[in-house]
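Novice: Residues in the sequence shown are numbered consecutively from 119, following the numbering used here.
Everything labelled a hint here was simulated from the structure, so no lab data went into it. Heads up, a few of these hints could be off.
[Stated by the list, open to error] Only pairs whose alpha carbons sit at most 20 angstroms apart, straight line, appear in this in silico SDA-like list of lysine to any residue:
| hint | residue 1 | residue 2 |
| --- | --- | --- |
| 1 | 607 | 193 |
| 2 | 282 | 333 |
| 3 | 180 | 598 |
| 4 | 431 | 146 |
| 5 | 431 | 315 |
| 6 | 232 | 167 |
| 7 | 437 | 282 |
| 8 | 270 | 317 |
| 9 | 302 | 317 |
| 10 | 579 | 563 |
| 11 | 327 | 338 |
| 12 | 431 | 452 |
| 13 | 289 | 327 |
[Unchecked claim] Computed beta-carbon distance windows for the label pairs:
| hint | residue 1 | residue 2 | range |
| --- | --- | --- | --- |
| 14 | 291 | 576 | 21 to 29 angstroms |
| 15 | 405 | 223 | 47 to 55 angstroms |
| 16 | 294 | 387 | 40 to 48 angstroms |
| 17 | 336 | 208 | 19 to 27 angstroms |
| 18 | 198 | 434 | 47 to 55 angstroms |
| 19 | 502 | 445 | 45 to 53 angstroms |
| 20 | 175 | 132 | 28 to 36 angstroms |
| 21 | 180 | 275 | 30 to 38 angstroms |
| 22 | 336 | 474 | 30 to 38 angstroms |
| 23 | 323 | 412 | 22 to 30 angstroms |
| 24 | 125 | 208 | 18 to 26 angstroms |
| 25 | 612 | 237 | 41 to 49 angstroms |
| 26 | 439 | 477 | 16 to 24 angstroms |
Every residue, glycine too, gets a C-beta built ideally from N, C-alpha and C.
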Amino acid sequence: MARYKPYSYDQSLMMPVKLKDQLVPGSIEFAIHYLVDHKIDISLLDERFVNDDTGRPAYDPKILLKVVLVAYARGIIGSRRIEQACRDNMVFIALTCGQVPDHSTIATFVSSLKEEIGPLFRDILLVCEEMGLLGGTAFALDGCKLPSNASKEWSGTHETLRKKQRKLEQKVSELINRQMEADKKENPSNQNFSKQIERLERKADRISKFLEENEVRIGRTGREIKSNVTDNESCFMKTSHGGVQGFNAQALVNEEQVIVDAQAFGNGQDYHHVAPLMEGARENLEAIGLSPQSLEGKVLVADSNYHSEANLKACEDEKLDAYIPDVNFRKRDPRFETQRRHKSTPDRFTIKDFTYDEERDVFICPQGRELIMRAKRARSGNNVFRRYVISGEDCTGCECFSKCLEENRGGKRRQLHLPIEKKETLHTLMMEKIDTLAGRRTYEKRLGMVEPVFANIRTHKRLDRFTLRGNIKVNIQWKLYCMVHNIEKLIRKGYGYGIG
C-alpha cells in the first residue's frame with residue numbers, strides 16, 4: 119500500500135518575515151520604494167490633510183503612491199484588484215507594512231492628483247537627468263487610442279440622443295399599456311413589467327438631464343460632434359480594431375525612450391497635438407533645471423497622422439528639425455516601386471503620357487483624342503494650373519479607359535492639370551524634405567524610438583483601457599503609467615542597485 123508524508127490543514131505555522139527583505143534591490147518595487155521615499159517630493163500632498171488634532175489618521179500618501187505605481191507596473195489597474203493585492207501579495211504587504219487601503223481610498227487618491235501629478239512626473243525626470251537619460255538630439259511623438267470608462271451606446275449628437283429618449287419613453291408607454299391589459303383579465307398572469315419600466319424610465323431621465331445640462335459639442339470644423347452621456351469629455355475614435363469611446367493618449371520620447379511629456383486628449387485626430395506636447399516638454403525640462411531653449415534645433419519625428427499645417431507651424435515656432443511625412447510619401451519612395459506590379463488596377467496615365475501641341479494649345483492622349491484648354495488659371499489649394507478637358511463621351515469604348523485620367527468628381531469630363539505656379543508652403547517644404555535620402559533615413563528612427571514605449575505600456579503593463587472618467591482623471595492615470603515606464607528605464611541604466 120502506498121505511503122505519503124503526513125499533512126494537516128489544522129496545523130499552525132510561524133514564519134518570520136522581514137518586510138524590507140521582500141523588496142529586492144534591482145526590482146521595480148524596490149526602485150519605486152526608494153524613489154518615493156528619497157527622490158519624490160510628497161509634501162504637496164500633506165496640505166490636503168487637516169487632522170492634526172481631530173479626525174481619523176489617514177493613510178500615508180507615500181504608501182498609496184507606491185502601491186499604485188507597483189500595481190500599474192504589474193498590470194493591475196482596477197482599484198479593487200489593487201486592494202486584493204494588498205491583502206494577498208507579500209510585495210504589496212511589505213510596501214504597505216501590513217495596511218490594507220480599500221478600493222475607494224485608492225481610487226480617490228489617484229483621481230485627486232490633479233495638481234500634484236505634474237511635479238511627481240518631473241521628479242522622476244530629474245532622476246533620469248541625473249542618470250544621463252535626457253541627452254540626445256532627437257525626439258519622437260506618437261499616441262494610442264484607448265477606450266475609457268464610457269459606453270459607445272450612449273454616444274450621439276443631441277438630435278440622436280433625443281430620438282433615443284423618445285424611443286425609451288414610447289417603450290415605457292407600451293409596457294404600461296400591456297400591464298394594464300393584463301390586469302384587466304379574469305386570470306391575470308404573473309408577468310410584471312414594473313422593474314423593466316423603472317429601468318427604462320431611469321435611462322430616459324438620464325438622457326433628458328444630460329441634454330438640459332450640456333450644450334452641443336462643436337468640433338474644429340465648426341460642425342457638431344458626438345456627445346457622450348457617460349463621459350462627455352471622451353470621444354468616439356476609429357482605430358484598426360474598430361471604433362472606441364475613449365481618449366487619445368500621447369507621449370513624446372527621446373532617444374533613450376524616456377517619456378519627457380505625456381498627455382491624454384478627448385480628440386481622436388492628431389492634427390493639433392504637436393504644440394501642447396512640445397510646450398509641456400519644455401515646461402518639464404525647464405522645471406528640472408534645463409535651459410528653456412533645450413528643444414531648439416532638435417529632431418522631431420512623427421508619423422503621417424501628425425502632418426498638418428498646424429503641427430508644421432508649431433514645429434517651426436519651436437525651431438525644431440521636424441520630419442513628419444504626408445500620407446502619400448511612400449507612393450513617392452522609389453524603394454516601393456516594385457509594389458505597383460502587385461496592384462489589381464493598372465497605373466493611371468500621367469502628363470508624361472500626353473503629347474502637347476503648342477500651336478493649337480491642346481494635349482493629345484495616347485489614343486489620339488484631344489483635350490482642350492478650358493481654364494488658364496485654375497486654383498486648387500496653393501497650386502495654380504491650366505486645365506485641359508475632354509468629354510467622357512469621346513472616351514466611350516476606349517481600350518485604355520481603365521488607365522486614363524480619373525473623372526472629375528460629380529462630372530463627366532476627363533481632366534488634365536498643367537501646373538504653372540506652385541506656392542511654397544510648410545506642406546510642400548516637408549514633402550521635399552522627407553523625400554530626400556537623409557530625410558527618409560531620419561524618419562526611419564521613429565519606429566525604434568517610440569513604438570517600443572507603447573508596446574511596453576499596452577502589452578507588458580496591460581493598459582488596454584482607462585478606468586476613470588473625465589480628461590483630468592484620465593490624464594493622471596496616463597502620466598502615472600508613463601512614470602512607471604521611466605522608472606523601468608532607470609532600472610535598465612543600473613538604478614536601484616547598491617542603494618537602500
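Novice: Hint by hint, say whether it matches the structure.
Specialist: Hint by hint, here is what the structure shows:
Straight-line distance between C-alpha atoms of residue 607 and residue 193 comes to about 17 angstroms, which keeps the hinted pair within the 20 angstroms bound. About 17 angstroms separates the Cα atoms of residue 282 and residue 333, which keeps this hinted pair within 20 angstroms; it holds. Annotation: proposed proximity of residue 180 to residue 598 holds, straight-line Cα distance about 14 angstroms (limit 20 angstroms). This hinted pair does not check out: residue 431 and residue 146 have alpha carbons roughly 40 angstroms apart, beyond 20 angstroms.
Between residue 431 and residue 315 the alpha-carbon distance is near 55 angstroms, which puts this suggested pair outside the 20 angstroms criterion. Restraint check for residue 232 and residue 167: satisfied, since their Cα atoms lie roughly 16 angstroms apart, inside the 20 angstroms limit. About 50 angstroms separates the Cα atoms of residue 437 and residue 282, which puts this hinted pair outside 20 angstroms; it is violated. Under the criterion of a C-alpha separation no larger than 20 angstroms, the hint pairing residue 270 with residue 317 is consistent with the structure, at around 19 angstroms.
Of the pairs offered as hints, the one joining residue 302 and residue 317 is violated, with about 24 angstroms between alpha carbons and a cut-off of 20 angstroms exceeded. At most 20 angstroms may separate the alpha-carbon atoms for a hinted pair to count; residue 579 and residue 563 exceed this at roughly 24 angstroms. At roughly 26 angstroms between alpha-carbon atoms, residue 327 and residue 338 are farther apart than 20 angstroms, so this suggested pair is violated. A hinted pair counts as satisfied when its Cα atoms are at most 20 angstroms apart, and residue 431 with residue 452 does not qualify at roughly 28 angstroms.
Taking the CA atoms of residue 289 and residue 327, the gap is near 19 angstroms; set against the 20 angstroms cutoff, the hint holds. Range check, residue 291 to residue 576: about 46 angstroms between beta-carbon atoms, so the 21 to 29 angstroms window is missed. The beta-carbon spacing between residue 405 and residue 223, approximately 29 angstroms, falls outside the hinted interval of 47 to 55 angstroms. For residue 294 and residue 387, the hinted distance range of 40 to 48 angstroms is satisfied, since their beta carbons lie about 45 angstroms from each other.
Remark: the range hint 19 to 27 angstroms for residue 336 to residue 208 is contradicted by a beta-carbon distance near 53 angstroms. A hinted range of 47 to 55 angstroms for the beta carbons of residue 198 and residue 434 is consistent with their spacing of about 48 angstroms. At about 23 angstroms, the CB distance of residue 502 to residue 445 disagrees with the hint of 45 to 53 angstroms. For residue 175 and residue 132, the Cβ-Cβ distance of about 29 angstroms falls inside the hinted range of 28 to 36 angstroms, so the restraint holds.
The given range of 30 to 38 angstroms is broken by residue 180 and residue 275, whose C-beta atoms sit roughly 46 angstroms from each other. In this structure the supplied range 30 to 38 angstroms is violated for residue 336 paired with residue 474, their Cβ-Cβ distance being about 48 angstroms. Against the hinted window of 22 to 30 angstroms, the Cβ-Cβ separation of residue 323 and residue 412 comes to about 53 angstroms, which falls outside the hint. Distance hint check: the CB atoms of residue 125 and residue 208 are about 22 angstroms apart, consistent with the given range 18 to 26 angstroms.
Hint check: residue 612 to residue 237, Cβ distance near 25 angstroms, so the stated range 41 to 49 angstroms is violated. The hinted range of 16 to 24 angstroms is not satisfied by residue 439 and residue 477, whose Cβ atoms lie roughly 49 angstroms apart.
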